[in-house]
Amino acid sequence: MSEYKKIKIKSNQSEVTELMSFLNDIVEFDSKYRSYNFGIVRFYGSTIDYSNDKLSEAVTIFTDLNLFLEAIINIEQIYEIEILIDNSIQNIKMYSDEIDAYKNNQICLEFFDDGFWEMTSKDYSLIKFIDRKYIKSESI
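Position 42, counted from 1, in the sequence shown is what my numbering calls 42; the numbers after and before it change by one each time, with no gaps.
These are computed hints drawn from the structure, not numbers from a lab.
No residue lacks a Cβ here, since even glycine has one placed at the ideal position from N, Cα and C.
Careful: at least some of the hints might be erroneous.
Claimed, not checked - Subject to a maximum C-alpha distance of 20 Å in a straight line, what follows is the list of computed PhoX-like cross-link-like pairs (lysine-lysine): (1) K128 <-> K8; (2) K32 <-> K8; (3) K8 <-> K133; (4) K32 <-> K128; (5) K133 <-> K103; (6) K6 <-> K122; (7) K10 <-> K103; (8) K133 <-> K10; (9) K128 <-> K6; (10) K122 <-> K133; (11) K93 <-> K10; (12) K122 <-> K8; (13) K103 <-> K6; (14) K32 <-> K122; (15) K122 <-> K93; (16) K8 <-> K103; (17) K93 <-> K103.
Claimed, not checked - Distance ranges between label pairs, derived from CB positions: (18) N24 <-> G115: 17 to 27 Å; (19) R42 <-> Q90: 25 to 35 Å; (20) D131 <-> E3: 16 to 26 Å; (21) E57 <-> S139: 29 to 39 Å.
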């Protein structure tokens, strides 16, 4: 049995709207995630206030969901993004192998320019919860 489970979800609206929905779903599933660390380890996109340079230059870590939401409120469009969510701040970093990111973080949420999201988690119940909410999803 794998250490993590992954789901792929086809994008069908604004990436920013979908990101907010996924974050709400994660917290709806278990409120403990609200106080986890959120890190943007990869970002290509545009922001209202041109803060995308800051988000795309280095790993940016936020110590809870509220701080993360304040930072992403200015995102206009997402071409690619990788967000790591974990209770240990040391696990949120750029990994040369994406499998290490999956193994070392509770949740990895990614958007790809091809128009789909992937959510990977050690919490199989979370993936099952998300799978039921989104019709255009498939387990990988």
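Hints, verified against the model:
no., hint, result
1, K128 <-> K8, "12 Å, holds"
2, K32 <-> K8, "23 Å, violated"
3, K8 <-> K133, "12 Å, holds"
4, K32 <-> K128, "18 Å, holds"
5, K133 <-> K103, "24 Å, violated"
6, K6 <-> K122, "9 Å, holds"
7, K10 <-> K103, "24 Å, violated"
8, K133 <-> K10, "13 Å, holds"
9, K128 <-> K6, "10 Å, holds"
10, K122 <-> K133, "19 Å, holds"
11, K93 <-> K10, "26 Å, violated"
12, K122 <-> K8, "15 Å, holds"
13, K103 <-> K6, "12 Å, holds"
14, K32 <-> K122, "15 Å, holds"
15, K122 <-> K93, "17 Å, holds"
16, K8 <-> K103, "17 Å, holds"
17, K93 <-> K103, "13 Å, holds"
18, N24 <-> G115: 17 to 27 Å, "21 Å, holds"
19, R42 <-> Q90: 25 to 35 Å, "18 Å, violated"
20, D131 <-> E3: 16 to 26 Å, "18 Å, holds"
21, E57 <-> S139: 29 to 39 Å, "34 Å, holds"
The earlier numbered hints that this structure contradicts are 2, 5, 7, 11 and 19.
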